Amino acid sequence: MSTAHATAGDPPGAHLPEHPDFLWRTPEPQRSYDVVIVGGGGHGLATAHYLARNHGITNVAVVEKGWLAGGNMARNTTLIRSNYLWDESAAIYEHALKLWEGLEEDLGYPILFSQRGVLNLAHTEQDVRDSVRRVEANKLNGIDAEWLGPDDVAKICPILNISDDIRYPVLGATYQPRAGIAKHDYVAWGFARRADEAGIDLIQDCEVLGFTTEGSVDDGTARVTGVRTSRGDIACGQVALCSAGHTSTLLDQLGVRAPLQSHPLQALVSELLEPVHPTIVMSNAVHVYVSQAHKGELVMGAGVDSYNGYGQRGAFHIIERQMAAAVELFPIFSRAHLLRSWAGIVDVTPDASPIVGRTPYANVLVNSGWGTGGFKSTPGLGWCLAHTIATGELHPYIAPFGIDRFVTGALVDEHGAAAVAH
Amino acid sequence: MQLIDCPWCGPREELEFHYGGQAHVSYPPDPQALTDEQWGHFVFFRDNPKGPFPERWVHGAGCRRWFNAVRDTRTHEFLAVYPIGAARPGVPGGDA
Numbered sequence: 001m002s003t004a005h006a007t008a009g010d011p012p013g014a015h016l017p018e019h020p021d022f023l024w025r026t027p028e029p030q031r032s033y034d035v036v037i038v039g040g041g042g043h044g045l046a047t048a049h050y051l052a053r054n055h056g057i058t059n060v061a062v063v064e065k066g067w068l069a070g071g072n073m074a075r076n077t078t079l080i081r082s083n084y085l086w087d088e089s090a091a092i093y094e095h096a097l098k099l100w101e102g103l104e105e106d107l108g109y110p111i112l113f114s115q116r117g118v119l120n121l122a123h124t125e126q127d128v129r130d131s132v133r134r135v136e137a138n139k140l141n142g143i144d145a146e147w148l149g150p151d152d153v154a155k156i157c158p159i160l161n162i163s164d165d166i167r168y169p170v171l172g173a174t175y176q177p178r179a180g181i182a183k184h185d186y187v188a189w190g191f192a193r194r195a196d197e198a199g200i201d202l203i204q205d206c207e208v209l210g211f212t213t214e215g216s217v218d219d220g221t222a223r224v225t226g227v228r229t230s231r232g233d234i235a236c237g238q239v240a241l242c243s244a245g246h247t248s249t250l251l252d253q254l255g256v257r258a259p260l261q262s263h264p265l266q267a268l269v270s271e272l273l274e275p276v277h278p279t280i281v282m283s284n285a286v287h288v289y290v291s292q293a294h295k296g297e298l299v300m301g302a303g304v305d306s307y308n309g310y311g312q313r314g315a316f317h318i319i320e321r322q323m324a325a326a327v328e329l330f331p332i333f334s335r336a337h338l339l340r341s342w343a344g345i346v347d348v349t350p351d352a353s354p355i356v357g358r359t360p361y362a363n364v365l366v367n368s369g370w371g372t373g374g375f376k377s378t379p380g381l382g383w384c385l386a387h388t389i390a391t392g393e394l395h396p397y398i399a400p401f402g403i404d405r406f407v408t409g410a411l412v413d414e415h416g417a418a419a420v421a422h
Numbered sequence: 001m002q003l004i005d006c007p008w009c010g011p012r013e014e015l016e017f018h019y020g021g022q023a024h025v026s027y028p029p030d031p032q033a034l035t036d037e038q039w040g041h042f043v044f045f046r047d048n049p050k051g052p053f054p055e056r057w058v059h060g061a062g063c064r065r066w067f068n069a070v071r072d073t074r075t076h077e078f079l080a081v082y083p084i085g086a087a088r089p090g091v092p093g094g095d096a
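Line by line, the protein sequences are chains A and B. Under my numbering, the first residue of the first sequence carries the number 1, and numbering increases by one thereafter. Under my numbering, the first residue of the second sequence carries the number 1, and numbering increases by one thereafter.
A couple of the hints might just be wrong.
What the hints assert, rightly or not - Here are the simulated EDC-like pairs of lysine to aspartate or glutamate, each with C-alpha atoms no more than 20 Å apart in a straight line: (1) B/K50 to A/E207; (2) B/K50 to A/D252; (3) A/K65 to A/D233; (4) A/K183 to A/E297; (5) A/K183 to A/E104.
These aren't lab readings, by the way, just hints derived from the structure by calculation. None of the values given here were measured: they were computed from a predicted structure.
Isolated chain A, as found in the complex (with noise of 0.2 Å):
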């Protein structure tokens, strides 16, 4: 007992032992940088790494208001997969699979990547068109997929109710084999690490409160010439804004408009079970995803809630029908527990593809928009962005992404088509 008491004199917490080794340092910002990412979110982190990694580019700064990865990336539900219809979708979301799929190695860090595929529900007649049509689609642009019919739907996962007398009998499913889950904590401090070692500072506590620019947006000379922090104002180069939900807040600061609106997601994971769920099961009509965690939670999300908010909370009534949804098409489900609910914010477009691209500021680049989408491209938009901070050009895959199709029509629209869940 007497080792444990401070003797007089020493400060509080003297007679701990030493704190483990951090991953990461806590650097004092500088008062410039090449680069300056807003946002120390999955995307900011994967941009800094891929900036390393990728292009020997590290006098780079990531701020983040909060801590590290506590925002959305501490808040989904870590579903990865590439089968979206439109050939832009996937060609971005395949290149982030690709990159899931070596990521452990890259980053020399665990990141409990299971590939354990993804049913895509379907229940009704035209969900079936839909579906067959998508999974084509995604043949076309070798990704994997497949079309199942209900008996081998239960096939791979037995728990799944198939009988055709529930409200939304399942007629089929979507099957994407190489689709899976990772251990989102340890993807973002993964990346942290590896920025970290190459010199990036990872700046938290750190929150953006505007922008000091000159020159005009009327005749395009327009550009940012440093942040204004919590911490002092810092000079830099390019700004990168990964900032998910809060990107309108920080648009509205530079008087850019863009078509973002920010809506609270809900998830939930049940107490901790045996494994019992193999795959990830999604359905959009009933607007329920599952999966189990490796340490046995079930991991359910819903759809957005209605309205916008940044209130990090959500309405009971969605997950009561969430609920109702999953217990329905799981039976086994209806004698679990609800443990935890919790709500991010995600910034939800008009065709439910993100906002990627330049802004009226020449060397202000934005990353936005990816709604319920933002963690499963982590790697492949940070490898993106970081090719278009480093070259100056759009990298091909996410110059589809840009605001200006709103003007031009040329959307990309995954509503409903992508088993997008919004």
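Position chain B against the provided structure of chain A, taking the given hints into account.
Showing chain B alone in chain A's frame:
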């Protein structure tokens, strides 16, 4: 569950309502005169503030009438409800 104060029916459960997005976005008087950019902005671009936001709601499972509300997007708290066509009221803490 949150209660929403319908101007005609009084406080009812949130489940009875549907969301209609930003209020006070009126149809352009002469759409043909708009540039592509102006039209794109009318169709797709809406405000997304973190704070008080004027928006449309419909009491779909009640009187089925539309109304406007100012709601704080940080807390989801309704600060005011008012009829369609009325000016946005000033609200405490709002940026009017």
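Verification of the supplied hints:
| no. | hint | verdict |
| --- | --- | --- |
| 1 | B/K50 to A/E207 | holds, 15 Å |
| 2 | B/K50 to A/D252 | holds, 10 Å |
| 3 | A/K65 to A/D233 | holds, 14 Å |
| 4 | A/K183 to A/E297 | holds, 13 Å |
| 5 | A/K183 to A/E104 | holds, 11 Å |
In terms of the numbered hints stated before, the structure departs from none.
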